[in-house]
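Q: Once you've looked at the hints, dock chain B against the given chain A.
Here's the letter readout for the chains.
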Amino acid sequence: MDLFVNPSGELSLYRQIMRQITDAIAGGRLKPGDKLASHRELSEQLVIAPLTVKKAYDELEALGFIETQRGRGTFVCASLPRTNPANQHDQLREAARRLLSQAYLAGLRFSDVEKLLKNADRELTGPAVKSTPGEKVKA
Amino acid sequence: MTPILEFTNISRSYKRGVPVLDGVSFSVVPGEVLGLLGRNGAGKTTLLRIAMGMLYPQGGTVRVFGLSPTDEPVAVKKRVGYVAEDQILPGRLKIAELIDFHRYLFAQWNDALERQLLDRFGLNPSSKIRQLSKGEARQVALLCAVCHRPELLILDEPAGGLDPVARREFLETSIQLLNREGTSILFSSHHMPDVERIGGRVILLDKGKVRLDRELDELREEVCMAILPRASAADASAIEKIPGCLGVRLVLDGWHAVFNDSPEVVRRKLREKLRVHEVRCVSLPLEELFIELVGRDRKEVALA
Numbered sequence: 000m001d002l003f004v005n006p007s008g009e010l011s012l013y014r015q016i017m018r019q020i021t022d023a024i025a026g027g028r029l030k031p032g033d034k035l036a037s038h039r040e041l042s043e044q045l046v047i048a049p050l051t052v053k054k055a056y057d058e059l060e061a062l063g064f065i066e067t068q069r070g071r072g073t074f075v076c077a078s079l080p081r082t083n084p085a086n087q088h089d090q091l092r093e094a095a096r097r098l099l100s101q102a103y104l105a106g107l108r109f110s111d112v113e114k115l116l117k118n119a120d121r122e123l124t125g126p127a128v129k130s131t132p133g134e135k136v137k138a
Numbered sequence: 000m001t002p003i004l005e006f007t008n009i010s011r012s013y014k015r016g017v018p019v020l021d022g023v024s025f026s027v028v029p030g031e032v033l034g035l036l037g038r039n040g041a042g043k044t045t046l047l048r049i050a051m052g053m054l055y056p057q058g059g060t061v062r063v064f065g066l067s068p069t070d071e072p073v074a075v076k077k078r079v080g081y082v083a084e085d086q087i088l089p090g091r092l093k094i095a096e097l098i099d100f101h102r103y104l105f106a107q108w109n110d111a112l113e114r115q116l117l118d119r120f121g122l123n124p125s126s127k128i129r130q131l132s133k134g135e136a137r138q139v140a141l142l143c144a145v146c147h148r149p150e151l152l153i154l155d156e157p158a159g160g161l162d163p164v165a166r167r168e169f170l171e172t173s174i175q176l177l178n179r180e181g182t183s184i185l186f187s188s189h190h191m192p193d194v195e196r197i198g199g200r201v202i203l204l205d206k207g208k209v210r211l212d213r214e215l216d217e218l219r220e221e222v223c224m225a226i227l228p229r230a231s232a233a234d235a236s237a238i239e240k241i242p243g244c245l246g247v248r249l250v251l252d253g254w255h256a257v258f259n260d261s262p263e264v265v266r267r268k269l270r271e272k273l274r275v276h277e278v279r280c281v282s283l284p285l286e287e288l289f290i291e292l293v294g295r296d297r298k299e300v301a302l303a
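Order-wise, the sequence lines are chains A and B.
Each residue of the first sequence is one higher than the one before, starting from 0 at the first, in numbering that gives the first Met the number 0.
Each residue of the second sequence is one higher than the one before, starting from 0 at the first, in numbering that gives the first Met the number 0.
Just chain A, with the same shape it has in the complex (with noise of 0.2 Å):
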């Protein structure tokens, strides 16, 4: 999986490792005991400290994504945590009339909202990545 970091991103480095990797587990591209790259594979191949890597885990293994076997490694969790539907609902119809009244304003129409919902759809579960400026690595 491609994994890229930006010291100068709107995120902290953790948040931004964090969010590619929750990104590639929605999408699918990284499934149910798939196996992660060990903290210090990543921190060599991101150039970034080890203890942030071990930060960025440390939150997806608290928040149930990841869990980490002695002597094993690091993996995709079996079952994954689902989240309240109810709750879920409420915060993604938010989201959508958020991303709606943001696309009117732009001057986009119902299509070209779709066209972007189906572009972003096969960034998040196609092969690769479609990575913005920043380094990109085998991880």
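Since the hints were derived computationally from the structure, they do not count as laboratory data.
Hints may contain errors.
Selected chain B positions facing chain A (Cβ under 7 Å, derived; list incomplete) [said to hold, decoys possible]:
#, residue
1, 32
2, 170
3, 171
4, 174
5, 175
6, 178
7, 192
8, 195
9, 196
10, 197
11, 199
12, 216
13, 219
14, 284
None of the values given here were measured: they were computed from a predicted structure.
Note that CB positions come from ideal geometry on N, CA and C, so glycine has one too.
A: For chain B alone, kept in the frame of chain A given last:
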């Protein structure tokens, strides 16, 4: 965790009554990467030289692995690697001769690591030091500083004068050492993206004191800047005395006030204390934070 490096209340001046360091305290724990920031003349190099036992502190104590670097220089230097800001290497020697000299000094010299680094940097051991580029000379200095597998690496301005490729290679090597050998790193830098990339924690020196000592993630997530119209406060101190305020600067027609709080908390405080509503709060990249905290007021000045 027991610190491997500990500064306690360090003070030092070069001219009587003009302290460069004035009560500096912080420590480094094993495995940590700590970026030391500050303007030119803020005392970064002085502090690093004190850690190396090359300068005496005039007040306070420094302990490296629990030892005083001036009382037990050999025991300390065996376990520390140091690359100075302007490392002067003997130009007439060949790289191989300089390496031989270091190997002779350190019983625990690692030949395999030496060969790996020569290879990675593409250095020819028979080249004369004088003929090396600035980047290559720094790579030689780094090699000489790390092949005895130090537990603490002290780098003074490692990026100074290097091109982006050489800088990245330097960082890659540092990170690998950190991973393989468990080396902790204390480095001073003006290059903020490098600090954001490999640093875990940052220390900002200003006017001889530690102005800021925080985890980088916390800085990004828990510190923000409010931009206020000039009329909202009579002077900087009216804003400075609000709890959580880290610094205030006048920039043209407004105040830039950095707070150790989330935007919601800052907005509430400013509503309560200054009766200002609708405040814009932004989170700051390290470079901007640095300028806000140690930069001067900015007034309208026409250049002739």
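Q: Work down the list of hints and note, for each, if the structure agrees.
A: Now the hints, each set against the structure:
1. 32: It holds, given that the least Cβ distance between residue 32 of chain B and chain A is near 5 Å, below 7 Å.
2. 170: With a closest approach of 5 Å, the residue 170 of chain B hint holds.
3. 171: Holds, about 5 Å.
4. 174: 6 Å, holds
5. 175: Since chain A brings a Cβ to about 6 Å from residue 175 of chain B, closer than 7 Å, the hint holds.
6. 178: OK, holds: residue 178 of chain B within 7 Å of chain A, min 5 Å.
7. 192: 5 Å, holds
8. 195: 4 Å, holds
9. 196: Holds, about 4 Å.
10. 197: Holds - the Cβ of residue 197 of chain B comes within 7 Å of chain A, reaching about 5 Å at its closest.
11. 199: 5 Å, holds
12. 216: Holds, because the Cβ-Cβ distance from residue 216 of chain B to chain A comes to roughly 4 Å (cut-off 7 Å).
13. 219: With Cβ-Cβ at 4 Å, under 7 Å, it holds.
14. 284: For residue 284 of chain B, the interface hint holds, since the closest Cβ of chain A sits about 5 Å away, which is under 7 Å.
Hint violations for this structure: none, all hints satisfied.
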